[in-house]
Amino acid sequence: MLLINCPYCDDALPELEFAYAGEAHIARPADPSKLSDEEWRDFLFIRSNPRGLHAERWRHIHGCGRFFNALRDTVSDRFLTTYPAGQPRPDVTKLEAAE
Amino acid sequence: MNDYRIKGRGRVNPNRPVRFTFDGKTFSGFEGDTVASALLANGEHLMGRGFKYHRPRGVVTAGSEEPNALIGTSRGPGRFEPNTRATMQEIYSGLTTESQNKWPSLKFDLGAINDRLYMLFSAGFYYKTFMWPKSFWDKVYEPFIRRAAGLGRSPTELDPDHYASRYLHCDVLIVGSGPAGLAAALTAARSGASVTVVDEQAEMGGTLLSEPSPMIEGQPAWDWLATTLAELAGMPNVRLMHRTTAIGYYHQNMVGLCQKLTDHLSDVPADAPRERLWRVRAGQVILAQGAIERPMVFDGNDRPGVMMAGAAQTFLHRFGVKVGNRPVILTSHDSAWHTAFDLADAGCKVAAIVDTRTDIAPALMQAAMSRQIEVLTGHTATATGGRLRVKSIRVNPVRGGTVGAARTIACDAVLMCGGWTPSLHLFSHTKGSLDWDAKAKAYLPGHKTEAVHIAGAGRGLWGIAAALEDGAKAGADALRDLGRKAGAATYAVTGDRTGTGITQKELPTDRSPGSAKAFIDFQNDVTAKDIRLAVREGMRSIEHVKRYTTNGMATDQGKLSNMNGLTIASDALGKDIPQVGLTTFRPPYTPTTFGALAGYHKGSHFEVTRKTPIDSWAAENGAAFEPVALWRRAWYFPKAGEDMHAAVNRECRATRQSLGIFDASTLGKIEVSGPDAVEFMNRMYTNPWAKLAPGKCRYGLLLGEDGFIRDDGVIGRMRDDLFHVTTTTGGAARVLNMMEDYLQTEWPELQVWLTSTTEEWATIAINGPNARKLLAPLVEGQDMSDAAFPHMSVAECTVAGFPSRLFRISFTGELGFEVNVPARHGRALWEKLMAAGKPYDICPYGTETMHVLRAEKGYIIIGQDTDGTVTPEDAGIGWAIGKAKPDFVGKRSLARPDIVAKGRKQLVGLLTENPKTVLVEGAQIVLDPKQSKPMRMIGHVTSSYWSEALGRSIAMAVVEGGFDRMGDTLHIPTADGGSQAAKVTGCVFYDPEGDRLKVE
Amino acid sequence: MNAPVKSFANVSIAVLPPVARLNLRIAPANLAAASAAFGLPLPTKIGQGVVKNGHAAWCLGPDEWLLHAPEAEQAAIVADFAKARTKAPHSLTVISDREFTIAITGPRAQEFLTVACPLDLSRMAPGTAKRTLFDSAQVVLIRDADDAFRIEVWRSFFPHVSELLDIALREFACGL
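So the protein lines, in turn, are chains A, B and C.
First residue of the first sequence? That's 295 in the numbering used here, and the numbers climb one at a time after it.
First residue of the second sequence? That's 264 in the numbering used here, and the numbers climb one at a time after it.
First residue of the third sequence? That's 4 in the numbering used here, and the numbers climb one at a time after it.
Hints may contain errors.
What the hints assert, rightly or not - DSS-like cross-link-like pairs, simulated, lysine-lysine; straight-line CA separation at most 30 angstroms:
1. A:Lys-388 <-> B:Lys-694
2. B:Lys-402 <-> B:Lys-1196
3. B:Lys-954 <-> C:Lys-86
4. B:Lys-370 <-> B:Lys-780
5. B:Lys-954 <-> A:Lys-328
6. B:Lys-694 <-> B:Lys-736
7. A:Lys-388 <-> C:Lys-48
8. B:Lys-959 <-> C:Lys-90
What the hints assert, rightly or not - With beta-carbon atoms standing in for the labels, derived distance ranges:
9. C:Pro-129 <-> A:Asp-371: 28 to 36 angstroms
10. C:Glu-114 <-> A:Thr-368: 52 to 60 angstroms
11. B:Ala-1147 <-> C:Gly-42: 40 to 48 angstroms
12. B:Lys-1179 <-> A:Arg-341: 45 to 53 angstroms
Keep in mind that the hints were calculated from the coordinates and are not lab data.
Glycine included, C-beta positions come from ideal geometry on N, C-alpha and C.
Whenever a hint applies, use it, and build me the whole structure from the sequences.
Spelled out as structure tokens, the structure:
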């Protein structure tokens, strides 16, 4: 069981309190009707599924209730960082340099 | 019976004799004995039969790695456990044990015929043998394999024991209480850190329990041990847990522990859990698990009486038991020499020390000489003699790679040591790398992924002084990593037994290696030649060799066999060991009961059962219940003599004819509140909400962004800025989560908030022509006339004196109301309505009647008539889409090419040709029942009931192009090979004009 | 509802009588208006609690507060907040009946909760509260003192949690 740092609670808490919510930084188009079928398909279904660093969404569903984003290594399961929804994906090289 | 107990030796309590049975025969031992030590004290080595060949097997080890001495234990009715390691099961008065895998008896087992049929059971046996003919698989091969497979017999009764679980947080968790673990614990604990020490044994001390002779800090080892344990036990920041196995090591220093609490007790306190699973989150973990001795691989190495030298030493010192009177030592490591000396000093006649090495430390040679023990260096072992117990060993000199003439030495035990393997299973769970150390010829811990330190023999160190020093250092390192200060203590040790050794493949022989039964994996009966055969047949990776031979795949996970298998495989492949690779250890470290993993979740507590405020009334009034999501809901209310069918028909009649009452409290409820509530509702739901006035309600439909139906429910507008949203019972949490997702991450600018009120309200549905007559006199604060409170209205008022949100809605097609009151009043309101409804023969009904009544009206149930691939158009509820709205969740998808394509499955009604036939829900639908199999299936039945109101069966189904098939006859093949015909209709079977909703 | 208190020497479990229980959602920028309406300064850090004049509030999320008050004051509190709604938009939802409150007190209360609470309770200060899981039920865990906790659990999950506490109490009492 992982410990996940909720950026709103500012605390590392048991994974049990959290729910995974898919890939991050896929914003719903402002006007979906303007999208071609292919563009809409990509928005709905196409995900990066990387081996390695993945920006993804989590919700502190049994805690403060907030959705937030995380950078997690899909190989080691290690969280590099978590950050509030709406913030840009952090620069990984800076994070690793800071470690 | 010979008595192999040595007076004055061991840590068992000779003043507390304990009697137990093994295969029906009574044995006696002492408090502190294991089944294995007690049987050995009685001269019994034979404790089981091999898995494949049914060869007689004796105990090999003294610990949890034991592969052979697996027994069944009975602790009373329902308390039978197979495959218990006799080396771990402590004896107590009344314990009943039995051997396994034998028939008719352990000493005479007919299954031993397999031993003569080696070719049938060699590597790849299943893969090769059961290929052909294919038709034999179901009737011959599978039943045969199933009968032959498995070890021990499964218990058949319900497990009556309790199991428990705990979470624990500590600064330092130490696994293993040998010298390294204890030194680490002292260092960490003295600094004030919270420390937990676990050990799988009944007693703490690890190796020290088998090594009393060294002096530590001027004290005999056992005195030092007692002092140390007392010091630790006296510290409030220390938790010592014996009989506790660290079974798995998970992310971020979470370690799973299984603590055995009662399996050693003859009188178990009531309410005592048998085992407790601990989930420990540790700041730092110190693994001090020691090392496991490697068997020697030679013909006949599995005969009872052949065992690990270290085990013999443990039986001698910890239990005061000599494993034989005339042992032979067969070794390639110095440690077994000390076993020989200790046994000789305890009065055994050590027949010989046979060492494969030629270069032996002079001190050891002198010590052997002084005890008049014959020493044979540079020798191999090529066979053993005896049937149920070893009687002799055949040894040969090896000179320049040539095996010389054999000599047979009479003995009653062969004590072998093929070196030591650092125990790194838990470290391996963390995906920490294991690096091959060419000097130690062992895998040692490399790169770490967790905050972990490995101390002592676990990283290849040898001797008590080294272990103490390394443990103290690990403790100090852990403290440093925690940001605490500590100096590692030093320990003065005298009389330490240091030593070295080598490891090797199977021993050289002068006989045909092809006929040697030189076992590697005792539990799965894998021999050295099985490994070589696997390599010959093309297996290159150790992972393939493992699976082909099953080496290391038994319940001991190859604790004894993996390294020998790897060594032999690498030799056969002509590669160095690290190039062949290593198989992966996985949790649990030792077999763990399902009970421990389930913890408190058994019986009625297996999972959460949610109950409504009215549940207790239903239970008291004989309701049958059904599970819906986590809820239990009243299914129907049978009267005396009624079956479900009769009860449901009666409930349906009563509701359609007069008055029915239904507990709808499980419906999800969400308060959507804030200045932007209507905008939010417009974006989430398909329907338009702007023009819905406060005091009105509307059916709401929720799609996923993919355009498929996710949920539905009636939504009331309580104020301009407040909606009372209802969801399906199972969808409540999902819908709230989806709403929060959009609100927080897509539209954070909206000023609206969501609060679950599912459980704030008890909800009672009143349906039937007399519904208003029942309610009107009880309502205050709302004119109940049809004009003032028409269908699809909502009001805040009181009902029977309780504050209420009253909806006029119907899920039955009858005049209907839903009364929401604060949950605490739910049952009281229900009882008042029941009393007030007497003049109308008010009838409580359950979910089954609810389903029938709604199906008669063609109302869909999300998840039953829809399955995540159904659009509003498919379901025939396109009218619920606000076509003028620029956008809502899922709108764009409704224009996707495959959503607008022809031939989609659409929800239609089905009327069977035979009106008495009720179709099976889930049944597949075909156009032509006479077509050859596999038939082309064009849909399936989603809902099917007997309609009491119509006097016939009705069904709903999703059918390809269903809307264009109105009036067509379709066919539903049945399990008996027949088929039923049904005509396609619309979904509204009853009161299609909806007149019954309008009762004045 | 006053269920009998169950206890052994070191742990007591009691179901507490109802309170006025409200869920407040409001943008932090408007918090002053809510504090004025409720009569105490609402805490701003998740987990923190404030108790004053019989009212209590705990911050459960960035824009979420759990409010407790005597039952008799519920209607007045709802009315006070309603007055503030136009100037300080918010959602105030009565959840008095949504949950039951169980008090767990005694010298071993903290250890007792570890049967099903995954949190490191040694890091939870008295006066704080947080939403979390207890076994498989979502709860709000309130710590009133070193040896006093409250669990607020949704009504339908109460039987499950209550039964688990009973099992655990018997386990603690047996001493193994």
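Task: Indices of hints not satisfied (ascending) - done: Hint 10 is the one this structure does not satisfy, whereas the remaining hints hold.
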